[in-house]
Structures are given as C-alpha cells and as structure tokens.
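Keeping the supplied structure of chain A fixed, place chains B, C and D upon it in accordance with the hints.
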Amino acid sequence: MLRYAVIRLLWLIPILICVSLIIFVLMDAAPGSIIDSMINEEMTQEDIEELKREYDLDKSVFYRYGKYMLGLFRGNLGSSEISGLSVFDMYKTRFPKTLELSLLSLVLGTLIAIPMGIFAAKHAGTIWDNLTTAFTLIGLSMPSFWLGLLLLIWFSHSIKLFPAGYDGTWKCYVMPVIAGGFSMSASITRQTRSAILDVVRQDYLRTARAKGVPEWRVTVKHELRNAWIPIVTQIGMMLAMTMAGSAVIEAVYSWPGVGRLMIEAINQRDTTLACGCVILTATLYVVLLLLVDIVYAFIDPRIRAQYSAGRRKKRRAEA
Amino acid sequence: MSRGQTETIVSRKEGHSATLASRKYKKKSAFLESWNRLRTNPGAMFGLIVIILMVLLMVYSFMFITEEDVMAINSANRFKPPSAAHPFGTDSMGRDLFMRTVYGTRYSLAVGFFSVAFGLVVGVFFGTLAGYFGGWVEEIIMRVSDVMASIPGMLLGMVIVAVLGPSFLNLLIAIGVSNISGFIRMSRASILSVKGSEFVEAARAIGMSEFRIAFSQVLPNSVSPLIVTATARIATSVLAAAGLSFIGFGVPVPLPEWGALISDGRNYLGRAPHLTLFPGIFIMLTTFACSLLGDGLRDALDPKLKQ
Amino acid sequence: MLDECMTNSDVVLDVQDLVVHYELKNEVVKAVNGISFTLQKGRSIGLVGETGAGKTTTALAIMNLVPKPPGVVKSGTIDVCGYKMLELKPKQLEKIRGKEISMIFQDPMTSLNPVISVGEQIAESVKLHENVSASEAYDRAIEMLELVGIPGERAGEYPHQFSGGMRQRVLIAIALACNPRILIADEPTTALDVTIQAQVLNMINDLKKQFGTALIMITHDLGVVAKMCDDVAVMYAGRIVEKGTLEDVFNDTKHPYTEGLFNSLPDITKRESELKPIPGLIADPTKLPEGCAFAPRCQYATDACRERPPTIHQISPTHLVECTAYDNPGFQIEGWQNHG
Amino acid sequence: MKPAKRSLCLILCIILSIALLAGCGGGKTESSPTPTSGSESPSPTKGISETPPPTEEVEYYEHLNIAIGDKVTVIDLFNPAFGSSQVGIISHAVFDSLVDMTLDNEIVPGLATKWDTDDYKTFTFTLRENVKFHNGEPFTAEDVKYTIERTKATPGSIMASKYARIESVEVVNDYEVKITLDSPNVDFIADMSVPYAGFANKKTCEADPENGSMIGTGPWKVTEIVSNDYVSVARNDDYWGEVPVTKTMTFKFVSEETARYIMFENGDFDFCGIGSVFVEQYENDERFSVESYVMNNTNLIAFNFKDPLMADINFRMAVAHAMNREDFVNITLNGYGVPAEYFWGYRTEFRNTNVPTYEYNIDKAKEYLEKSKYNGETIEIVAAMAHPISNAQVLQENLSKIGVKTEIFATDGPTLTSYTPWGNTDSQIVVTSGPWTTLASSVSMFLMPGSIGNKANYDKPEMTELLKKAAMTFDAAEREKVYAEIQEIVATEIPYLPIFNMELFVAGWKGCGGVKLYATNNHDYAYAYRIKQ
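Residue numbers (the working numbering), protein chains in the order written: chain A, 1 to 319; chain B, 1001 to 1307; chain C, 2001 to 2340; chain D, 3001 to 3533.
Just chain A, same shape as in the assembly (with noise of 0.2 Å):
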C-alpha cells in the first residue's frame, strides 16, 4: 500500500511541472501584462522600459519561467509580481476560508444526502422516489450563482436573517452553504440512490434477511458498505473540485476565498500568483485522489487485496 501511495505521490512532480508550465505559457500569451496593470498615465515610456527590466518582460517566457521553477525546487512559491506578498502566506489566509466553506457544505450535503439517496433507492419507483428525483435534478441544474443570489435578495434584503458578505459570525456561512452545497448534496444524493440500486438486487441481502438481520440493519451493515465505493468517489471529487474554491459562490458573497484570488491574479496578470494558486491547488487535488483510492481499500477488501499481492498493475474500477 505505501508503496503504490508513493508511486502515486512521486507522479505529483511531473504533473505539477506540466501543470506550471501549461498556467505560464498561456498566462504569458495573454495579452496585456503585469505591468500593465500598474501602468497609470502619468508614466512615460523609459518608466515602462524600466518596469519592463524589472519584472524581466525583455527576456522571453522560458527564461522567466526556468527561474520560477528554480525558486519552486527550493520550495518557495514566489511572491505575488504585483504586491511582493508572498504567494504562499496569500494562500495561507484565503485557503481556510475556502476549506470552511467546501467541509461545511460537503459535510452537511453528505448528510443530507446519504439518507435521502438511501429512501429513495429503497423506495425506488413510488411518489417518494419520484420527488427526491425532481428534487436533486433542481440542485443539478439550477446555476449555483443564480441561486445564491435570490438567496441574498431574500434572506438578506427582504427579511434580514442573514449578512450578506462575509463577517466572521456563523450567520455569514449560511447562505454561501446553502448556495454551494444544495447542487452538491443533489449529485451525492443521486450517486447513492444508484449505488444502492446496484446493490439491492444481490443476493447477499437475501441470505442476511434468511439469517433475521433487521431491515435497517440489513440496510446499513450489508447495502450501504458496498455501495460505500461509488459514493466516495463522487464525495472525493467534489471535495476535490471545491478546493479550488467555487469562484461564482465567493464571488456572490465576497468570500475571501482562493477561487476570488484567482480571479484577482488572472485578472492582473500576475503569473507568479496564479501559478502558485494552481500548483497549491492541483498539489491538493492530486493528494485527495490518492486518499480516496486509500479509502477504497478501507472499505473494500478485493482492492487491498490487490496492493498486498503487490501486483505492478493496479486496475482498479475508475468511476
């Protein structure tokens, strides 16, 4: 098992290389750059050859970006191009505030869902069924934006339950929840009820009911631990996909979250900010995989099976 992790993990480096190198060169293609974001009129054309110098504009991208890459061997992001903070302390402060946000709705989507996804698998095919059916295709398909925003206009303009941006209090993380997790809680809701419509139909369930296992019993112990794989696989990606911070949601709500720093960075042009932003990011999503594969050996044992035969190919079923 550590072995397949490390494999795993050392696969990070080339993949956060092509990642940096895909982010720079387009960052690099695009038009406008850093400085001109800190261009204002009164400046005259030797203040910009000079800005040019400084921020190495006259060398060519590769130049730039080997020394971005010697930086990042010795393990320092960088600092931000345009404000000399360093990237890695901005993602410091704007990550908790993301990682709060996507636990928070992930967490309480998950409990919404699992037992939702589980009365609708069990009750599949009547008006129950048929209802938490319409209700997930709505969270799928209502634009998270769209709805955070009637949820600012109601909670927080018509009647005031809730503030509208972000103010440390428990009421600020209401809404953006409700915003972020309702589409999440849908998909997981979804996942579960055709995972356990997978599994209803084996014949073990039958052999646990000829042996008097209760029914919820019967649904827990014996359903739900092997509909455990496709459920944690979409709860991974998820977590995975909000680590990157939902850029709509915080832009709603004016969360100082790192999908806004992106959108800062890419608006300002500044590649050493973005690059760090995604290396973080894609460094974390890479991470999350590798656990969720680990949690599928936890729950099934045919998968650890495979890593304790130490056979070289790992075929595990991808989602």
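Calculated directly from the structure, the hints in this document are not laboratory data.
FRET-style restraints, in silico, Cβ to Cβ:
#1 C:Asn2131 x A:Gly75: 56 to 66 Å
#2 A:Asn40 x D:Lys3132: 30 to 40 Å
#3 D:Gly3511 x A:Leu161: 21 to 31 Å
#4 B:Gly1134 x C:Lys2209: 46 to 56 Å
Simulated crosslink set (EDC-like; lysine to aspartate or glutamate; CA at most 16 Å straight-line):
#5 D:Lys3178 x D:Glu3149
#6 D:Lys3152 x A:Glu50
#7 D:Lys3405 x B:Glu1068
#8 D:Lys3152 x A:Glu46
#9 A:Lys92 x D:Asp3229
Idealized CB from N, CA, C, for every residue including glycine.
Only chains B, C and D this time, still in chain A's reference frame:
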C-alpha cells in the same frame, strides 16, 4: 420412432428458424424497444419537450430576431417590470429581456452541444486508446488526463478565455477542454470492462487488426454509458458557460448569453429582480431537461437499471 | 414473547393451499397456485420440478421473504413450529428467521457479502439470536466453520478468497449456526461441479442427522432427491401434482408428468434406448389453461382434463396424485423402466 | 392515478412553485425613475460633509465601517500595488503630504509650514516640528530625502513619475529641505499636495523592510490589513493636527454591489458609495443622507490618428454630431451626470469655454460622413471597465443611426493598456477618460507624443511646443493664455470627443459627517464621525 418424437424434432427445427427470424426482428426492435421505454418515462418526455421547445425558440430567434432588435438601446423604457409589451420586462439599457433571452438560447445550446461533442470526440479517442492498448500508452494518457483534471475547470476556462480573448468560440474551446478529461476516464473504464469479454478474443481470432477491434468492436459496446455521460455533461457545460460569463470570462459583452444576462442584472437585484430571474429560470429549465433526458436514456438503454 | 414451539405433534411445518402471484405492470405471474404439504420433525421432503414451477417462490413464501412490491401472497397459511409466518409482524419474523427456520441459496458466488469477513457473517447470525457477547459469537462461528470442514483460522478471510464449494459450506454454516428446526435448501449444489456436489450433500445429511433438522430440498435433479429425501413432492406450474414417500413416487409413479421426468433421464444400463423427453415447453405462468396445466403436453390428456381443474386422488395414506385420468379406476400409465 | 402520470405532474408543479417563489420573493419593483436632466451645478443635498458639532453635546460612535469602491492589496508607498483607485482614501488617513489641497483647490500647509521658490526649479520647505510617526520616531528632513530617493529608485511606485524630475534632495537641517528639479515645473507644489505624497521613516523602513513603510504620520495608524479584503485603522492620539473624534475605522471592499448595499442598509457599513441606479431610493429614505460630487475627469472617446479613417477630420466631425450626450447620461449614469462639451476637466484651472462645440444634429453628421473617407467598413470600438463599455454600446447605437457599422471589443484594464500603446495602429476608437487632477499640466500626458495617456497618438509639433511653454511660464495669467490656445486646438482638431462628467454619490446613515469628497475620488475620511441618534 413414436409419433411424439417426430413432432418434437420437427417442431424443434421450425422453432429454430422461427427464432432466427425473430432474432432478426429482435435486432430492429432493440432500438424500438428503447424508444418505447423512453416514451413511457414521463420525466424523459418532459425533458425532450423542453429541449425541443428550446430548439424551436432558437430557430424562431434565427428567423425573426435580428441582431438590431437585441442590441437596440432605448433610454426611455429602462427597468420596466414584466408587462404585456415586454413579457420579461426590460434591462438596464431599455432592451427587451424576452428577445434577448430567446436570442441567448443559441449560445447556451451551442455551448452545451459543441463543447460536449468536442470533449467527447477527443476524450473518447484517447480514452479508447488508453483503455484498449494499456501499457505505457495508457500511463501517459491517464497522467495527461490527471493534469487536465487537476487544473480546476473554471480556472482553465478563465485562462483560455483570457488568452484567446473573449469570443464565443473561445468559450466553447474552454469548456470543451475541461470536458475532455471526464470523457477520457469514462471511456477508458468502459473499455476496460468490455475488453476482457470473449467476443474480443473471437474478433482477434479471425485476424481483425487491433485498431479496428478497438474502434469497431469494443467502442460500440460502451455506447450507452457514453450517451448518458454526454447528456449529463451537456447540463454541466451549460452551467459552466453561464458561470464563466457571470464572472466576466464568457462571451463578449454585448452578446446576450444567459450567464451574462444574470451578471448584468445582478447589480440591480434590489431594484429589478426580474433581470436575473428569467435567464436563471431558462438555464435551470434547459439543464433540468438535459438531466431528465439523460436519466431517461440511461434507463431506456440499460434495462438492468430499470425498476 | 412468542409461545414456545408446539412439541406435542411432530409436525414442524404445515403449508395449506398457498397461492402467490407476482403483479407486474401489465401482467400477473401466477407462480404458486395452491400448495399444501406438511413436514415432520427430522424428516426431509424434496420439491422437484422444472425451473419456473414455483419451487423457489414457495421456499421464499415459507420464509416470508417474497419481495413485496411485485410479489403478493393471495391466500394460504404457513405454520412454522406454530408461528403463523404470513401474519407475523417484521419484528417477530426476524426472531424466527435463522432461529427456527433458515435457508441456503443456489449461487454461492453472490450469496455472501463480499466486504465482510466470513467469520463475521456467521457470528452475526449467532449474535442476533442468542444473547452472547461478540467474542463468544465469533468463537461459535469458528466452531461452525470447523464443522463444515473449513479450517477455523480462515474465519478472518473474505468471500473472494474461497472457492464455490467452500462458500457453499460457509452458507451452510451460517444457516445452521443457531441450530434451526427446519433448513430450506434451494438447489444448493446446482452451481457446483459433481465431485464437490457429493461432498456438500453428504455434509448436509450428516448435519441433518446430528442436529435433527427437518430439510426441504428444492431441486430439479431426481438423483439428489433419491439420495437425500424421505418424501417427494413433484411440482408443475405452481401446483403439487404428485406427493408421497420416496418409495411411492419412485416405484409407484402415478402422474404422467412424473413419468415424463423419469423418462428423460438417461439410464446407464440401457444405452441404446431412446430418451423420451416431454414434448413442448413448460406452461406459461401468466396464461395458465383452465383445466390441468399439464394437459397440453400430456399424452393421456382427455377433454375432461382440459376443461376442469384436475381432481385429487388419495392412492394410499402417504401417496396422492392430482390427475383427472384416475377418475376411471382402470387407468394405468405406461410406467417407465424401473430404476429402483 | 397511474404512477407515470403522477410523477409527471409532480415535476411540473415543482418547477412552477420554484418560479413563483422566486418571482414574488424578488422584493419590490418600483417604476423606473424619471431621468432628471443633467443639472449644471452638483445636486444640492449637502449631507455628510458638515463639520462635526462640539463634543460635549453629542455622543459619537467609536467605530466606523466604511465601504470602499476597490480592493486595497497593500499599504506601502514604495509598492506598485498600492496604486489602486482607493489610494487617496487610505493615504488621507495614514500619511501626510508636505502640503494639502482644499476642496476649492487652495494649497494649505501640511507637514511643511513654509515653502518658497524663485525659479520653480529649486524649492525649500521648512518642516513642522515635533511631528511623530506612528511608532514614535520623529519626522525630520532625512525622512523626506529617504522617501523621495527610494521612490525614484523603485519603478512603478505611486509617486515615481512625479518625483522622476527631482534632481536632488538636500537636507539643510533637521527641519529644512531643499529640492531641486531638472527643469522648472510650475505645478510642482500642487503635485506635492496629492494625499499619497506621504513620507516614511528611514530608520523604521530599514529596520523592518516588510511593513516599515506602513508607518505614516497621518491621523490614523494601521492596526490590521488583510490584503484585498479590509484595512483597520486606529486613531493616532498624538497627531500634530486636529485629532478625529472617532476611535477606530475599518475600510472594507465588498465586490458584489448588491451585497454592499444590503450590508449598508443592515447597518454593517456607516458610509457607502452608491451607484446612480439606487440614488433615488436612498435620497427618499430619511434614515440616510446622500451627498454627490462631480468627477473631475471627463469620460471621452479618443480617435487613433495612426488610423487613416480616424485621422480624417470629416469623420470625426460626423461622430461629434452623431453623439447624443443625453443618451449616454441617461443609460450609463441613469440620468445623474453632467454632459461635457469641453475636453477639459470639470473644475480644472484655466477652463476656456469659448471654443467650438458640436451639438447633436443627425443631418450635419450625415453630411460630414458623406465628405469623409468612410465607405461602410466596420469600425472597432475598444473599451475596458463597466462605464466605458456601456458608453461604447451607446456610441455603437448612436453611430448606427447615421449608418456607421461598429463592433465593440470589450475587455479588461491590462488588455486595453497593452492593446493601445503609444504609436499602435490596430485600435480605432478608444473609450477612456481624461485628466484626473485639477492641474492644467495634467493635460500634457494626453497630448504629448510618447506618453501613455495619449490614446489618440496625437503628435503635432505645435501642440508639443505650447505644452512645454505652458510648463515654463511662471506667470499664471500668461499660462492661462497658453492653455486657452491649447484648448482651442483640441476643440477644433477633436483628437478627443468629450461625453460627460460622472456625478457620484456617497451615502451615510443620519448623523454621519466630516467627509471631504474630492472630485479626484481621493476622498478624505480622516475626520468622519457618526453621532448616536
């Protein structure tokens, strides 16, 4: 031989030819059968009707609404609430929101369709190669797909639109690219599950080339998960396009894409909520319809799942 | 609390005209159309018939495990050691299943939960019915494994690490963990190859004798019935067409369908003789004919057979047949080469 | 009911309920305001800039929350990122400049008590004594020298271009400094009056390069800054000037405009800039008082002279006559704005009003169009940021009325800057805005060849001569004549076509006051207060 037995032998022979005929008959009906099952599924029908409605709206907008109607500024009637003259009211520049929303269907449908098609073609091609040939081919393709997956979709979209400049085509490419890795993973998984089956050995036994096997034998068998993923992706693509336009990385400003309409209306929410309400409902209806149709297709094409 | 099982009469199971239908969207499958039989303590009965005769549905109905949405128990009573299985509330049912009566299934490959260890799955049954601690239940599970011929230390392993035969043994261990009065075996060996089949059957026999468990053996293999069962009930299209002791049914076959079954068995001693399979296909449960369901395929069928439901004739105290042909006393079927 | 039908109607009723819910819950929708015609003088409401009443009678809020219009990335005189649009507000609070400029353009003493010059080339400032930095360090001439030299050495920092022409800074004694320019500049004193011409302490900066330059001499000291989110300041009790009544303040940026208004109405903010669409709503609400000010910089369009068609005077005249300024004011500014006839800033000195202007006249426009080289091709209008993009769309509509086909390239700041460098030939019409400050000399960056602001690529030797001469003539009356001539040329050659001056609004709760609103957007919240009602 006693009478009973000859009957049985004869009947068995006829039975055989009958089943042969029925099998041919059966082949045609496989499609018909899925269509029947789809037809009886109310959700899928609702989805199909809404999508057809949207396409009709698009055709209507191509024929009757000119660029001029949609862009004409009229400072007199700004922020008019929904009324008979303007079913959806008017926006901050006095333009009729109904015309703009209807005009906007072409963007969302096009984004939904083409970006998924783009992602599907590229994704499935590489996914099939990876799934079928395995070895270092698979390792490379999967790692590239990991790289693309690890860059958050929204950010990838932003950077691409920032690089190529805001235009409708670039928005398509941006979302298409973020769809690719999903299709690669999905098609690889379904190829892996199908690859082991006997008919692949049989095809190899009669000397078919590996390449032909991959694309003519193995791929058709993973068509149904493909269709289902495609419809689900249409829904997410329409949402992603709206999201990108909302944060200013979507279509160029004057074009009335739904996400952009919501973004225009968001500053006047307190004053004129109808500006964000109607485009939002249109987005929701389209994605809702796509998901319903996707579900319907999944149930129709995959009887095992049908309750 | 449930009253203790009636110990005076030795009847452990009494099924009276059980009718079970599956009501699907646009058709009704009449799986069981009036089954009645009883089972004494320690004896074993074989339910024989082709696939689709309603054998498994009967077994599931006895355990009240028929899947509720499509399945409906139209009528009939099932009396397991005095408990009215069809009227009990789920809570009480759960007390009986696994304790008084338990069941093993056909396909061992899918009947064990793949993510829970074998020992745990056995212990679960023990823990449910006897208030013992978890560790005691686990020890009991290891004992049971040893009993069915699997080394105890493998209790921690998972189902995918066992062969088909071994898994069937685990299922038997699970079923007999709480020493039930009745064991229903639904074609336990069909999925296994012959050598393993014999081992499993012998084991069931030994355990049956050791624990005095009554057995319902569901199979379409007459050889298995001959080896395992004291009584036999031949089923066709949801009804018992012939019922009696092994001796009655095998040597004094009365019903044409039973005769057809025996005729389609190859006889090792007479190689050159033609096999006489029963013509046509098994009756369609959704469109059962008026009279006797076997009439269309029966060579002795008369108009009477086709019009009205077959009459029941009590050939001997233990032997019963459901065939209108016996209305005229002189009727004899051709009989078949005596297998003995 | 058959199960299939039941689920269909279920889905339908859910959709309808969502739509209804969203519809009716959307808050009140009033009729649109009747657009008031752009009044010449700023609207009369004089709310939040009254001077604070004596402290005995009233009780003040101790803490004030102020919504600012853009994010503050960093507070550091030598960091390019400090130059966001809110730099004026932060600098008024945290830093002091040598001299200050009042609301009616009058220079008053700041850190310097006395200053004089004879040739506008060497200036000697006598500094105020016993002025302390926030960390207690004394303010001396050494700090002035250090700040100016370090700013010059840091390209892109906020005052770099203004200090570029300083040749040397000489410390005469602790409280006297002599600054020599490389060439005479009549507006040097006015340049030094901008709020962000502040000074950092040499010793502190060398000791703590990271946050050293956050220590200023102003009435407020920075207690906390979360980059791009908020800045918290506390009162500097031993400030040399008048000490504010409020104890602590927080400047916070909320990007979502609707959320900002809601937080303002819920009391999370005491002051908040208001978009023109909502002005009427707050003016009629007695809980708030609203004050407006007219921005000095004129929104205008530039014709790129490097493009053959744009260089054709007839085409520019056609566009001049085709522009209906009412449309621009009503649509982009919702009626609150001053249509601009002159390229000049709204209150920039030496304003010359007897120059040719071009009234809205479709026929004249068509006439000029016939004479021009225009033959039906599509012209590109490039614009960045919300108001210019809206102006671009109105211009597109106006020009389509006289048969000119246009296409809008809407983009963001950096792309526009990189797309329209000096001497570019790709851009045609650029929607931008004119000189910020009230100094006439600020016009030069729009008309001098080679400067960034010159989006029209205007390069006439005669104009360059006039601009240089203006900067050299010391005598005000003389200078006025030269600028008048410059305005004459601009009006006739139309490199820039003025549209309007924006009227912006800042609202505060009843009992708020003490805010000085400058036409250059560098508002002074240093003495803001709010009385408990």
